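There are 2 protein chains.
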Amino acid sequence: MASGILMMIYDGIGDRPVKELRGRTPLEVAKTPNLDRMACEGINGLMDTIAPGIIPGSDTGHLALLGYDPFEVYTGRGPFEAAGIGIEVEPGDIAFRCNFSTLEKGVITDRRAGRIKEGTDELSRAVNGMDFEIEFMFEKGVEHRGVLIFKDQGLGSGVGDIDPHKEGVPYLESKPLSHDSKDARTARLLNDFTLKSIEVLSEHPVNISRMERGEKPANILLARGSGTVPYIRPLPERTGMKCAAIAGIPLVRGVCRMAGMDVIQVEGATGGMDTDIGAIYRRAKEAMKEYDFVLVNIKGCDISGHDGLAREKVEFIERLDSELKILEGLEQHYIAFTGDHSTPVPVKDHSGDPLPLTIVGPQVLRDDVTSYDERSCVRGGLSRLRGQDLLNVLMDLSGHGEKFGA
Amino acid sequence: MASGILMMIYDGIGDRPVKELRGRTPLEVAKTPNLDRMACEGINGLMDTIAPGIIPGSDTGHLALLGYDPFEVYTGRGPFEAAGIGIEVEPGDIAFRCNFSTLEKGVITDRRAGRIKEGTDELSRAVNGMDFEIEFMFEKGVEHRGVLIFKDQGLGSGVGDIDPHKEGVPYLESKPLSHDSKDARTARLLNDFTLKSIEVLSEHPVNISRMERGEKPANILLARGSGTVPYIRPLPERTGMKCAAIAGIPLVRGVCRMAGMDVIQVEGATGGMDTDIGAIYRRAKEAMKEYDFVLVNIKGCDISGHDGLAREKVEFIERLDSELKILEGLEQHYIAFTGDHSTPVPVKDHSGDPLPLTIVGPQVLRDDVTSYDERSCVRGGLSRLRGQDLLNVLMDLSGHGEKFGA
Chain A
1 MASGILMMIY DGIGDRPVKE LRGRTPLEVA KTPNLDRMAC EGINGLMDTI
51 APGIIPGSDT GHLALLGYDP FEVYTGRGPF EAAGIGIEVE PGDIAFRCNF
101 STLEKGVITD RRAGRIKEGT DELSRAVNGM DFEIEFMFEK GVEHRGVLIF
151 KDQGLGSGVG DIDPHKEGVP YLESKPLSHD SKDARTARLL NDFTLKSIEV
201 LSEHPVNISR MERGEKPANI LLARGSGTVP YIRPLPERTG MKCAAIAGIP
251 LVRGVCRMAG MDVIQVEGAT GGMDTDIGAI YRRAKEAMKE YDFVLVNIKG
301 CDISGHDGLA REKVEFIERL DSELKILEGL EQHYIAFTGD HSTPVPVKDH
351 SGDPLPLTIV GPQVLRDDVT SYDERSCVRG GLSRLRGQDL LNVLMDLSGH
401 GEKFGA
Chain B
1 MASGILMMIY DGIGDRPVKE LRGRTPLEVA KTPNLDRMAC EGINGLMDTI
51 APGIIPGSDT GHLALLGYDP FEVYTGRGPF EAAGIGIEVE PGDIAFRCNF
101 STLEKGVITD RRAGRIKEGT DELSRAVNGM DFEIEFMFEK GVEHRGVLIF
151 KDQGLGSGVG DIDPHKEGVP YLESKPLSHD SKDARTARLL NDFTLKSIEV
201 LSEHPVNISR MERGEKPANI LLARGSGTVP YIRPLPERTG MKCAAIAGIP
251 LVRGVCRMAG MDVIQVEGAT GGMDTDIGAI YRRAKEAMKE YDFVLVNIKG
301 CDISGHDGLA REKVEFIERL DSELKILEGL EQHYIAFTGD HSTPVPVKDH
351 SGDPLPLTIV GPQVLRDDVT SYDERSCVRG GLSRLRGQDL LNVLMDLSGH
401 GEKFGA
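Protein sequence lines correspond, in order, to chains A and B.
First residue of the first sequence? That's 1 in the numbering used here, and the numbers climb one at a time after it.
First residue of the second sequence? That's 1 in the numbering used here, and the numbers climb one at a time after it.
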């Protein structure tokens with residue numbers, strides 16, 4: 001039976017010494033008999049997702065884990081957010097993340113327009129019906145969220161946000177971030193678009209009703225995170241593998257979708273601390289029957305890291321571990337246990353600290369590491385790898401690699 | 001209180017097994033209780049300044065340590081030497097190192113013109129007054145040394161030296177090192193410049209007086225080390241940090257100055273074996289109050305390495321160590337102890353051997369290395385890094401990093 005690859009990405013799992021844990025990391029403190037058994041049976045090391053000290057985002061981190069160079073393909077979050085909510089974007093398109101927001105007397109009073117839930121379909125249709133200089137597309141996402149695409153030749157993505165990222169201030173004028181005339185053109189178009197959206201939205205019956213009910217009108221679109229949709233050679237074409245991803249958050253799904261992977265939805269996978277870990281593991285195991293490569297992203301460690309909650313992170317890690325017996329029966333496959341970046345409790349944000357990496361599978365050269373954590377893994381047989389190399393290592397082990405040369 | 005970064009560069013500290021030291025390295029033999037304590041309290045590893053086996057110069061090594069790719073920005077020593085003596089160079093300028101030398105009957109009889117000390121001001125003025133095809137600038141340095149800048153569009157730096165690098169032979173004709181017409185033009189201009197400098201200098205009253213006193217005339221300028229002044233994105237702009245450097249030698253100061261760092265002069269810092277290590281440490285500690293990032297270069301190990309003197313190298317290392325208590329009180333900062341290259345006693349020159357690297361600071365993940373030396377550090381938690389990644393690692397640790405992506 002052919003070997004497949006399962007890449008288990010525990011989002012934000014890496015950490016630093018935590019005072020509350022007497023200088024140990026959550027992974028060192030957590031009781032993880034199953035992950036430790038993987039370390040014993042596998043080969044271990046450290047992984048810099050992008051490069052040592054470079055702090056990955058979820059988007060750039062997953063691009064690297066899929067073997068792409070984020071410095072080459074990444075210009076902003078917009079395109080991946082767009083792909084994440086299922087919009088068909090094309091290389092060269094410029095994509096922005098957008099919020100329906102509330103503008104009152106020249107000031108942004110609510111960046112989420114009262115977390116508007118109803119009526120955004122009609123508002124989106126009105127926006128898309130606008131007469132505009134170039135082809136564009138606006139697609140609403142969940143609640144106040146949406147994505148704007150400019151489809152035109154000769155546009156740059158180096159422009160500042162319209163979104164002021166806080167309330168009680170006017171919205172911003174987008175400015176080009178370079179002297180490139182392509183960026184200047186995008187900035188001008190985005191400013192025009194913003195003005196027109198205000199006109200169309202302010203008069204819209206949905207907003208008039210909202211105001212009559214004392215609710216915040218969704219009368220401006222605030223754009224941010226401009227990016228050019230990159231040309232990414234699809235993973236199935238690049239690797240010859242059938243590829244799928246399971247991920248709780250749209251941004252990671254967007255990266256995987258743009259890489260040409262099938263995105264599998266799992267009932268109960270919320271992207272939150274309450275996510276159904278067992279359901280994710282079960283679906284991943286099932287997917288291994290059909291796919292050569294499955295990437296799984298589970299978010300919880302990142303959330304507790306961002307919140308600076310050491311005990312919660314320890315508990316989530318213990319839950320990740322306790323359900324691992326579900327993966328029994330995948331012994332002919334190669335499984336990598338790692339993260340996309342560290343989210344240390346003392347930092348409360350992503351960091352560039354390297355991640356523990358354990359690979360199990362039939363032909364790995366076992367080392368003498370006996371614990372899956374940041375400090376133990378460095379003494380393993382993999383030494384220190386880069387994220388961009390991980391998929392190649394797994395393809396090589398599992399027989400999916402191709403000789404380069406003769 | 002915010003954390004800063006102190007990069008302590010012990011120039012040439014790395015070594016190989018020395019027969020005289022019964023196969024141990026100077027760092028292994030030296031009694032270094034303070035550095036060993038740093039290793040105990042810190043995270044350790046090996047560092048390849050540029051890449052494994054690549055032998056760094058002081059210029060290329062420091063470029064890498066500041067996060068620049070020397071293969072991209074470095075074409076020759078001239079530009080950095082120019083910046084080191086305080087000349088304002090601009091990207092695209094071609095810079096050469098120059099010696100005032102003595103030409104007698106078509107032969108270079110003294111490459112240093114009797115180590116001329118007086119009269120070089122007048123000679124420089126005469127050279128700068130020369131009528132020449134393009135804009136140029138000659139600036140004298142210490143004694144016989146100087147720097148020549150060609151300021152013109154469309155010049156290449158790929159040209160051979162005028163300096164024959166030995167005495168008793170004629171000076172060389174500069175030849176283009178490629179088929180690029182830009183290099184050909186520079187070579188022609190440099191040859192013209194050399195001829196004109198001979199004319200102007202030979203007749204000069206300063207030289208006539210020297211000859212009357214039986215001293216060697218400074219009657220030719222021998223150029224070498226051609227390089228294009230690169231565009232280097234200034235470190236403060238690139239990193240958002242306020243940056244300073246302390247270095248005993250002009251070349252390293254030149255690299256730091258070109259990177260936009262403030263260069264701090266320390267009374268008693270000579271760049272020699274007699275340098276005042278305590279004064280350097282004290283000034284560095286003081287600078288940490290004002291700057292986010294301070295690089296310190298101390299030269300002594302390199303000198304004893306070049307001279308092949310194992311015992312002197314051991315003693316200098318012990319002096320570096322014994323004064324380290326001066327740095328007490330910097331515990332909230334991150335300090336890296338490493339070098340810019342190895343200068344092994346058996347090699348008597350720079351080598352590409354990796355360097356020991358220890359990082360101390362509040363949030364480092366301690367490992368179990370207990371000695372700061374080439375052989376012990378490899379078992380540390382950092383594994384093996386590149387010099388170009390070091391500053392990113394330190395910025396990430398100290399909270400000066402920025403997330404790449406979202």
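Among the clues, some could well be false.
As the list claims (entries may be wrong) - Straight-line distance between alpha carbons at most 25 angstroms, and here's what the computed DSS-like set of lysine-lysine pairs gives:
| # | chain 1 | residue 1 | chain 2 | residue 2 |
| --- | --- | --- | --- | --- |
| 1 | A | 175 | B | 403 |
| 2 | B | 289 | B | 348 |
| 3 | A | 196 | A | 117 |
| 4 | B | 166 | B | 182 |
| 5 | A | 348 | B | 403 |
| 6 | B | 140 | A | 166 |
| 7 | B | 151 | B | 182 |
| 8 | B | 105 | B | 175 |
For the record, the hints were derived by calculation from the structure and aren't laboratory data.
Keep in mind that this is a model prediction, so the values were computed, not measured.
Okay, the hints, checked on the actual structure:
Distance restraint check for residue 175/A and residue 403/B: the Cα-Cα separation of roughly 22 angstroms lies within the 25 angstroms cut-off, and the hinted pair is therefore satisfied. Annotation: proposed proximity of residue 289/B to residue 348/B is violated, straight-line Cα distance about 38 angstroms (limit 25 angstroms). The suggested pairing of residue 196/A with residue 117/A holds, with an alpha-carbon distance near 23 angstroms, which does not exceed 25 angstroms. Between residue 166/B and residue 182/B the CA atoms are separated by roughly 28 angstroms; this puts the pair beyond 25 angstroms, and the hint is violated.
Of the supplied pair hints, the one linking residue 348/A and residue 403/B holds, its CA atoms being roughly 13 angstroms apart against a limit of 25 angstroms. Proximity of residue 140/B to residue 166/A is assessed by CA-CA distance (about 56 angstroms); at most 25 angstroms being required, the pair is judged violated. At most 25 angstroms may separate the alpha-carbon atoms for a hinted pair to count; residue 151/B and residue 182/B meet this at roughly 13 angstroms. Restraint check for residue 105/B and residue 175/B: the C-alpha separation of about 23 angstroms stays at or below 25 angstroms, so the hint holds.
Hints 2, 4, 6 from the earlier list are contradicted by this structure; the remaining hints agree with it.
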